[in-house]
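Dock chain W against chain L, hints included.
Heads up: the protein sequence lines correspond to chains L and W, in order. Just so we're aligned, residue 1 is where the first sequence starts under the numbering used here, counting upward by one. Just so we're aligned, residue 351 is where the second sequence starts under the numbering used here, counting upward by one.
Calculated from the structure, these hints are not laboratory results. Backbone N, C-alpha and C fix where the C-beta goes; we use that ideal spot for every residue, glycine too. All the given hints hold, so there is nothing to weed out.
Partial list, derived from the structure: chain L residues whose beta carbon lies under 10 angstroms from chain W:
(1) V178
(2) I183
(3) F187
(4) F284
(5) G286
(6) P320
Single-letter residue listing:
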Amino acid sequence: MTTATPEELTGPPAVLDYGQLRQRGRLEKLIGPEWYRILKGLVTNPLSVIGLLIIAGFFLVAILAPVLAPPPRANWDTTIIPRDGYRAEPQPPSTPWERDAPGSVPGWYKIITGREEWVHLLGTTSGQYDIWYGIIWGTRTALFIGFIVVAASAIIGIVIGAFAGFYGGWVDESLMRVVEIFIAFPFLVGALILASILVPVMGRSIWPASIALIVFGWTTYARLLRGDIQATKEREYVTAARASGAKDGYLVTKHILPNAIYPTLVVLSLDMGAIVLSFAALSFLGIGVQVGYADWGQIVSHARDWILSLDIYWYIIVFPGLALLLYGLGWNLVGDALRDIMDPKLRGSR
Amino acid sequence: MTAYIIRRLLTIPIVLLGVSLLIFGMLQVLGPVERSALYIRDIPHTDQQIENTIRRYGLDDPFLVQYWHWLVGRTDLDTGERVGGVLRGDFGYSRTGREPVVDVLKRRTPVSLELALWSMVPIIVIGVWLGVIAALNHNKIIDQGARVFAIIGYSFPTFVFGLLVLLIFYAKLDWFPPGRLSTEYMLVVQNPELFTQYTGMMTVDALLNLRFDVFFDSLRHLVLPVLTLSYLSWALLLKVTRSSMLEALRQDYVTTARSKGLAENTVINRHVLKNALIPVATVAGLTVAFLLNGVVITETIFSIPGLGSAAAAAALSLDVLTMLGYALFTAVLFVVVNLIVDITYGFLDPRVRLD
Numbered sequence: 001m002t003t004a005t006p007e008e009l010t011g012p013p014a015v016l017d018y019g020q021l022r023q024r025g026r027l028e029k030l031i032g033p034e035w036y037r038i039l040k041g042l043v044t045n046p047l048s049v050i051g052l053l054i055i056a057g058f059f060l061v062a063i064l065a066p067v068l069a070p071p072p073r074a075n076w077d078t079t080i081i082p083r084d085g086y087r088a089e090p091q092p093p094s095t096p097w098e099r100d101a102p103g104s105v106p107g108w109y110k111i112i113t114g115r116e117e118w119v120h121l122l123g124t125t126s127g128q129y130d131i132w133y134g135i136i137w138g139t140r141t142a143l144f145i146g147f148i149v150v151a152a153s154a155i156i157g158i159v160i161g162a163f164a165g166f167y168g169g170w171v172d173e174s175l176m177r178v179v180e181i182f183i184a185f186p187f188l189v190g191a192l193i194l195a196s197i198l199v200p201v202m203g204r205s206i207w208p209a210s211i212a213l214i215v216f217g218w219t220t221y222a223r224l225l226r227g228d229i230q231a232t233k234e235r236e237y238v239t240a241a242r243a244s245g246a247k248d249g250y251l252v253t254k255h256i257l258p259n260a261i262y263p264t265l266v267v268l269s270l271d272m273g274a275i276v277l278s279f280a281a282l283s284f285l286g287i288g289v290q291v292g293y294a295d296w297g298q299i300v301s302h303a304r305d306w307i308l309s310l311d312i313y314w315y316i317i318v319f320p321g322l323a324l325l326l327y328g329l330g331w332n333l334v335g336d337a338l339r340d341i342m343d344p345k346l347r348g349s350r
Numbered sequence: 351m352t353a354y355i356i357r358r359l360l361t362i363p364i365v366l367l368g369v370s371l372l373i374f375g376m377l378q379v380l381g382p383v384e385r386s387a388l389y390i391r392d393i394p395h396t397d398q399q400i401e402n403t404i405r406r407y408g409l410d411d412p413f414l415v416q417y418w419h420w421l422v423g424r425t426d427l428d429t430g431e432r433v434g435g436v437l438r439g440d441f442g443y444s445r446t447g448r449e450p451v452v453d454v455l456k457r458r459t460p461v462s463l464e465l466a467l468w469s470m471v472p473i474i475v476i477g478v479w480l481g482v483i484a485a486l487n488h489n490k491i492i493d494q495g496a497r498v499f500a501i502i503g504y505s506f507p508t509f510v511f512g513l514l515v516l517l518i519f520y521a522k523l524d525w526f527p528p529g530r531l532s533t534e535y536m537l538v539v540q541n542p543e544l545f546t547q548y549t550g551m552m553t554v555d556a557l558l559n560l561r562f563d564v565f566f567d568s569l570r571h572l573v574l575p576v577l578t579l580s581y582l583s584w585a586l587l588l589k590v591t592r593s594s595m596l597e598a599l600r601q602d603y604v605t606t607a608r609s610k611g612l613a614e615n616t617v618i619n620r621h622v623l624k625n626a627l628i629p630v631a632t633v634a635g636l637t638v639a640f641l642l643n644g645v646v647i648t649e650t651i652f653s654i655p656g657l658g659s660a661a662a663a664a665a666l667s668l669d670v671l672t673m674l675g676y677a678l679f680t681a682v683l684f685v686v687v688n689l690i691v692d693i694t695y696g697f698l699d700p701r702v703r704l705d
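Next comes chain L alone, as it looks inside the complex (with noise of 0.2 angstroms):
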């Protein structure tokens, strides 16, 4: 029989520890305790990791740009893919660059290709727009249309379901109707005919379709952070706030959103992935942004005209295809941990 010595008896339990009391406790206390256990759900889970990892890839392509995919000359409009010409074949990767070649040959592209002279690294589309600066200034249209069309799309969208949340009654039911008029059309339906009426008022950009995608969009966000704010108003601190007098707008913002949020950023992070993807299955439709602006869609909808010999001109489809698939991905990892880690349900599993 074995005795336990007094010090594992009454050794200090794991709760004691200062030492990691005081470290967890400054992170915690800067960002605070929900948004700390988000933090740590997310680099935590492996799965997540990757999409964090695959999202920061994507954030270094767009800062290095000008580096990875010099423009031709320094006044060009970087939103425009150089072309090669104006022969309607595509070329298949490593064709040589004949005109309008990027201004500089950087070191890595030395060292990796072994080649002083611009290639086409990824092949060109038809009207010989370069596939390879297409998807490295593509990223920058991605990620600035992810962030422009998702900011606008949750603010409308958080404000509408906050007052129809927070006053309910007539205001509930009147914004609510308004919403589900906005959801009787499919998303992308939607945003198709929306779009393609707004391409002749304010000509070929990536407005039309980002206006678009924002007017069918702010309704998830209204609808889900209505139902959480009629949760959370019925909260004890709530009604205590509001018993020692404070006013609607500070109870909106002080007490109420930032406890009601978390549920939405899950859907904020989905939808930087799908509306990128959705933008883009416009792009491939021709509706939005010109011939030869630097965006996946608009690139892999050249393959079109080649459905009959696609396994002569797969680069048109694989390597932005590739882009986007991976683009989804990350966002997709992140906001799949983020629902877990907000998941009542599984709260302490893991």
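Coordinates of chain W only, in the frame set by chain L:
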């Protein structure tokens, strides 16, 4: 339950009114001059011609007047006939379809419906099956694999997926061609003496005509679009089925069933599946939305003459009347489907009956 159904039915006219206002409002984004182009067949040579068109069709009338005319039609100033009016079934003339919009909708709906119906089979069977398998192997390799499959599934843009399967199975292997039928069978189908088009759905018509060669040829053409449409929804169904299975497996009645000595198969089939599949019905509405979104891309890629490719073509050449007709049609369809789904769900699960 009856009260709930009645209340839901009463909201439909309100929603449809809003939908029609929204659709018409979108059209008003275009100025009168731009909209006059919809009614002019020849290139106008003078501003006067444009002016005349605007006046003739009342394109600069107040919004509500124009909306009213769009709904119930208006009297043509020259001929004195009553023209237009979506409520009278007149959506105008489709420039891209070169026939009235109503005829475009009538002729193309069966094509898209056929595609959607065929897609439902793999969507439900494979999607639910994957979800059940994943849940029964919770946290094992199969479960993790299914999870990764689902995430990749909904990260994959439809048009890229569609083009990739076309690249592999058509351009490379030449197994499944795009289009609806091979040329030889197209000639058969278009000959009224050999083939009667009862429904407009190729596979159904082929069976009704007892032309099994046509049937199999049209099936061969359906494989790739059906695959493209269904992979989109697999991820969704997998996730929903999996989580509702896991939820059901945790219930006390499952423990009871197990502890009274029932075989595991009986427990799963009788007690778990029966309850776990109820929430799956809720995503039926979402699946229909996926299909309506999906056919636009899928039909365009596989050159199938359905509603989706008509909408894409109309959007590309700013054939606004076709687009508006299509939008109204889709919205009505979607609202009705969602209503049916909600009511069915109420019947399936007594707990959610809202009164």
